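Take the given structure of chain E and dock chains A, C and Z to it, following the hints.
Chain residues, written in single-letter form:
4 protein chains.
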Amino acid sequence: MRSPVPDYLSEVLHTCFGDTSGHTAGYIPELAAADPDLFGLALSTVDGSVYCAGDAGVEFTIQSISKPFIYALAIKEHGLESVLQKVGVEPSGEAFNELSLERESKRPLNPMINAGAITAHTLIAGQGDDGARRDAVILDGLSAFAGRSLTVNESVLGSEMGTAHRNLAIAHMLRSHGIIDQEPAEVVRGYTRQCSINVTARDLALMAATLANGGVQPLTGEQVLTAGVVRQVLAVMTTCGMYDAAGDWVTTVGIPAKSGVAGGIIGALPGQVGLAAFSPRLDHHGNSVRGIKACERLSQDMGLHLMEVPQPARAVIRQARRIETDGGARFSLYELQGSIQFAAAERIIRTLAEEPDHETGVVFDLSRVHQLNDVGRRMLLEAISRLTLDGHQVTLIDPETVLNYPDAGGGTHPDVVTTLEDLTNRRP
Amino acid sequence: MRSPVPDYLSEVLHTCFGDTSGHTAGYIPELAAADPDLFGLALSTVDGSVYCAGDAGVEFTIQSISKPFIYALAIKEHGLESVLQKVGVEPSGEAFNELSLERESKRPLNPMINAGAITAHTLIAGQGDDGARRDAVILDGLSAFAGRSLTVNESVLGSEMGTAHRNLAIAHMLRSHGIIDQEPAEVVRGYTRQCSINVTARDLALMAATLANGGVQPLTGEQVLTAGVVRQVLAVMTTCGMYDAAGDWVTTVGIPAKSGVAGGIIGALPGQVGLAAFSPRLDHHGNSVRGIKACERLSQDMGLHLMEVPQPARAVIRQARRIETDGGARFSLYELQGSIQFAAAERIIRTLAEEPDHETGVVFDLSRVHQLNDVGRRMLLEAISRLTLDGHQVTLIDPETVLNYPDAGGGTHPDVVTTLEDLTNRRP
Amino acid sequence: MRSPVPDYLSEVLHTCFGDTSGHTAGYIPELAAADPDLFGLALSTVDGSVYCAGDAGVEFTIQSISKPFIYALAIKEHGLESVLQKVGVEPSGEAFNELSLERESKRPLNPMINAGAITAHTLIAGQGDDGARRDAVILDGLSAFAGRSLTVNESVLGSEMGTAHRNLAIAHMLRSHGIIDQEPAEVVRGYTRQCSINVTARDLALMAATLANGGVQPLTGEQVLTAGVVRQVLAVMTTCGMYDAAGDWVTTVGIPAKSGVAGGIIGALPGQVGLAAFSPRLDHHGNSVRGIKACERLSQDMGLHLMEVPQPARAVIRQARRIETDGGARFSLYELQGSIQFAAAERIIRTLAEEPDHETGVVFDLSRVHQLNDVGRRMLLEAISRLTLDGHQVTLIDPETVLNYPDAGGGTHPDVVTTLEDLTNRRP
Amino acid sequence: MRSPVPDYLSEVLHTCFGDTSGHTAGYIPELAAADPDLFGLALSTVDGSVYCAGDAGVEFTIQSISKPFIYALAIKEHGLESVLQKVGVEPSGEAFNELSLERESKRPLNPMINAGAITAHTLIAGQGDDGARRDAVILDGLSAFAGRSLTVNESVLGSEMGTAHRNLAIAHMLRSHGIIDQEPAEVVRGYTRQCSINVTARDLALMAATLANGGVQPLTGEQVLTAGVVRQVLAVMTTCGMYDAAGDWVTTVGIPAKSGVAGGIIGALPGQVGLAAFSPRLDHHGNSVRGIKACERLSQDMGLHLMEVPQPARAVIRQARRIETDGGARFSLYELQGSIQFAAAERIIRTLAEEPDHETGVVFDLSRVHQLNDVGRRMLLEAISRLTLDGHQVTLIDPETVLNYPDAGGGTHPDVVTTLEDLTNRRP
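Protein chains in written order, with this note's numbering: chain E, 1 to 428; chain A, 429 to 856; chain C, 857 to 1284; chain Z, 1285 to 1712.
Just chain E, same shape as in the assembly (with noise of 0.2 Å):
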């Protein structure tokens, strides 16, 4: 059979293609310069099989969409709080006016901002002087979320030198207010070299795809981040990705997500998939028009939206009786499935508080649970430990070792058995 996904990928590129409106990036001669009709699209899933579409494979500069990364990338050399002093997270409401700073701490209100990113940029291999060793860490680390060698494009590069003087004025304002420590030219080359990186669709796609796997990346396997930092670079992108129309894009598409003004974008959903555009056109927010429209479509047709709630098919508890072992023994019998968060463990719980009979045995049949989280697995720990309490003789049926019960050295534990069988042919 031939995947339907490479055709879904086509036909959304094929109904955005015809959207010409927008213009390349006309304060940079570089990207003025780039081929307006190029559009590509990719997408990731958590477990790296990619799907590309158009010009994915096509090379150009990263701008922006290397925020979010070089945020995450600070946040974990330094840690959240120490990050949190030098820049905030709150949408700053206001397009262009990328020079206003926090009134009071004068932070930069986000890393989405070009001063917030300046700023993150700096704190990168020890937030000394050694510029070159911060390019080669960026290119790195950069290089690790997309999982192969990435390169700089110096003839952008070049080419964005020339008009920096947007962030020139940013990193001398950020240097008076003691927000950063280094030389402002120097840390606007860097920035700049750090927006210069080649990337493409795919590159992207499985760098958000890094993101939405909570810093694993797909292809790699390398724990590029911890599930924490995933978290607050994900809100971030959130509320402050897409510059000043923050509520209008968490309501309409509901991904966390960043632009860029060669014209890449992306979006990552938690748990599922990383998603990448590339067409050169710009609307006057400085986002693909042709990107965002893609966006629109996928996040709609795959039902990608945060606050998109599927409803469970079958009750957490598939099936609770009483069963008898061939020793004599009574048990019962509670065959749990799905996916337990809170709410479906809370379920358990509350069909378990009816267990009156302290002489029977409660058996957990896990092997059809599909996802456990921490909250879920503390709470079925919790009542395993209550019903052990009262005086139930307690089983578990978890042949893959899904619960992992701790081994909590003497005392009453559960039984864990790997069928129902090795319970019920059990003789005294």
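Calculated directly from the structure, the hints in this document are not laboratory data. Errors might be hidden in some of the hints.
Derived lysine-lysine pairs resembling PhoX-like cross-links, with alpha carbons at most 25 Å apart [to be verified]: (1) LYS1360(Z) / LYS1390(Z); (2) LYS106(E) / LYS76(E); (3) LYS962(C) / LYS534(A); (4) LYS1390(Z) / LYS106(E).
For clarity, every value in this text was computed on a predicted model and none was experimentally measured.
Same frame as chain E, now just chains A, C and Z:
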């Protein structure tokens, strides 16, 4: 067994109880006189089990927590497009400057600031001048969310009307810009009445759970809102619910939320729970000090952060193997499990793409599938269609009709059976 | 001889007449219906000769031009300190954002924006709730400036009350911050009535001339305001009178001014003239198009710019010479002329400083002194005192008592004579 | 006689000396190290007598006080229109937000904030890249205002360059918007050098007096600026010179002024004096505490407020009477006196309008006219022309050619005589 959930809730309550910082709302005499030590917590699951701790049964006025619900009812009545023409969705970034309107459109920035909430209020019950009818519709509407008949606190209403100058200023300004058409004094009377409706923390937990449950009230089963409206409301609560600290709230708590000046606060986690806290002392943002604290604790403990993604414990394809029926027909059997969204469906399709042998039938065992969202279903249907066109005989084991295969009229479509035995026992 | 002034005024009128750009105030039906072609100019000197051209006798409503006068009456009634606690003096820099208040104090920024003008309105007639009394005091007050009994245009008043939502918004906001204490609806009714008082361009020229004349109405001779209040009002008109183009107005026209939405505009040049124009078509700032044009022309032609300083044609010391009386007494005679302010007095004193001969008397001939301000007088008195202490006999020729030498009781003081002959004819 | 002016200045100095509040500028090490107790006052009349008190001869750096003078030189070099395209004239209303530009034009709001001053700096010496030439032209230019060769304080220059990040931010921002074309680092070096020029309070008083004197340096007599440029500069100083307290300054002090961060402050009263104070401790606006105090005192004592208008002591028509020459010709004689501006000329014309008898000649005795501005002169000329056309014989007694009657070539024009006797002695 005694459920640990109430114990947990009590523990959270006691942990936060000692924080007596903040002050009751000073500008409304009746609120200023509230007992500052009251503290209640409530939690409702989407299937309607409700847990309470402390003063969760004490009535207080809903105040601004009415805003998301009235906004929802306005969309329900007029449609989203129509409401968007009157009220925007962007965070305001300014704490108390609730008089700010969008520069061009003069729309209130969002429905969570007073200007937007007052505008939403006027859209209820036909947008006309019949205040009494609007009062009734609003009281009924909020009661539907709570699942019981709510009442108005007449003494708070009287107390607030005496100091309603700020809201009167807003209403006259809205009228001067043509955003509202009604008599400002009447609008503010009605809006103040809306804010003076009595609720308990328990009520609020159920109201929030109605949002978390896709619009269906957990106890009454009433479909108060459609899923689309709920999505819009939750998205706006995410970015605008906690006033000027949107970014901070999204990164640290990560739950769509709304607070009220009487000390209430709600949080709604899609698909899981509605939370509510009540404690009258407010911080300088106007949010309940202990309420915020409890929400942070609950979010953290229960893994409720929107960006928190549990990794699946198991692959979606539990097993793929070749089988042969008694009649000698050969099949590839795919046992699917867990939750089938885009990423899982893609994984299945990727495997099917390697299915070359047209002579072989394909069997999907769906009996362990826990959840199937719209895109997952469509992708599976597309795969079945393509396999059929390729010449495969497709059979579904779907005892509970999870896939709900459409009746395509004539033409080939898959066999649906209840158990594998139904298939293997077949004879030619 | 026929005076050229009316001819000049007519010429200015005809030069500006052709500009039919702009629109009558759209938001008040009665104003929108005004005849847009009306155009009147009037000019009153500080001694009360009034020149008119065009429709200078047509009545229209005073609108915002009432603001500086009511501000003046509020200061007259309560004192400057007290009024400054309620209304500031800083330009707002924002055109239509008349709801803005000072960040900390919540005072309206200045009395020329609506918020400040409404506040000033409430300070008239005891700051109490007696609206009818306030109406009467305001009508009398403005009539005193105009020099005739003004009346209220009831149809404009009715028309504006129907669209007073913006002002009601402002009044409720002021009330919510405790800047005003009265009932907002009553305040706006009174303020709108104040704005609906009928005036002609001729009236306005006389009202402006009252300010230019140090508070004395040129025709009636009534001291409506003290010089100190006038100074405050003119200073505020200079920086805040023309809304958001304060700097532009001060540099190009340089006259304290105020415009109204019915098409009136006044300018007051201290010590010289009051100007007024009336033409209903407004620019986007809300100022009369032809009125502005006429003011610019008049300012330029007539050298009325505040920063324009004519050089004196002659030295303050017309002649200094030695004389001898018939009785043989020798004197140094100083013939002073022109205007004696600080600089001139300093020049006189500098010359006197070289007067070494204690035996010589000193005579000041003041009969050609045109103007003598307070500091000039004090310096001259100090010089006389020092000369006397040095042993000089001082004599003043001051036929019209320009210097007004204080009667110091006992002690030496100068002789005052009427002509030089009175002195030279003296015999010992 | 000893002049009381130095005594007065000393008294003001001693009165203000005790106020030791405020702090020296903290952010520039060399300024922070200044002796905070220094306090000097100086006052120069427009005819060049200079009074000093305290440390008026101590050198300090001019800092922002250079702004109005460099703005003036830029207008002198390029014309007002051209400069207005680069720098506006509106007060900013914001204290330290010196990065703010006009929303549309991106021009700095005015030349008194750093952004505007840096822009004005780049306009000197041809707007090109020759920094050394610009340095020289600026040093020469400021020296011309001071009347002596000023020098640069190299140690302050070095100290400021080390902390020039804020100005570098501004310069890069200006460059990014195309407001300036030069290399930002070079511009900031030159601007900082401009600010590091040493002056004394005495120098500043003379610089201010040059403005007060219509652009003519009182001591050297050099016409440094034209009257038109001076008018523009004084108007901008009035509204923008004292940062965010424009309205407060205009109402209370009412003198065009400018302060500098080293503790200097100047005030210029058109036609009268230039004032200067120096005291390094600054208030939170960055203005010298004791300097402000001394200015307020001087303004109040000396009646220097712009809106203060002394009433003329005498009528402009000293006497009007009929005379007859020895030859029998009859004349109406008008003895004029004082200052003839518009209002006075109008008074004369009004009287002349009643001159019906065409047979009678008209004589104007101008020998007591003290001051005659352009409009006054033109009105008098027009009156003479009309009288002549009406058949009157007009004669001027104008011994010092105050009226300067134009030589109209052919045609009738008035006789000009030196004394009344010249006329009355005539015989037919």
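Would you check the hint for LYS106(E) and LYS76(E), treating anything up to 25 Å between C-alpha atoms as holding?
23 Å, holds
Within 25 Å, alpha carbon to alpha carbon, are LYS1390(Z) and LYS106(E)?
Given pair LYS1390(Z), LYS106(E) holds - Cα atoms ~23 Å apart, limit 25 Å.
Sort out whether LYS1390(Z) lies within 25 Å of LYS1360(Z), counting only the CA atoms.
23 Å, holds
Holds or violated: LYS962(C) to LYS534(A), with C-alpha atoms at most 25 Å apart:
Given that 25 Å is the threshold and the Cα spacing comes to 23 Å, the pair holds.
When each numbered hint is compared with the structure, no violation occurs for any of them.
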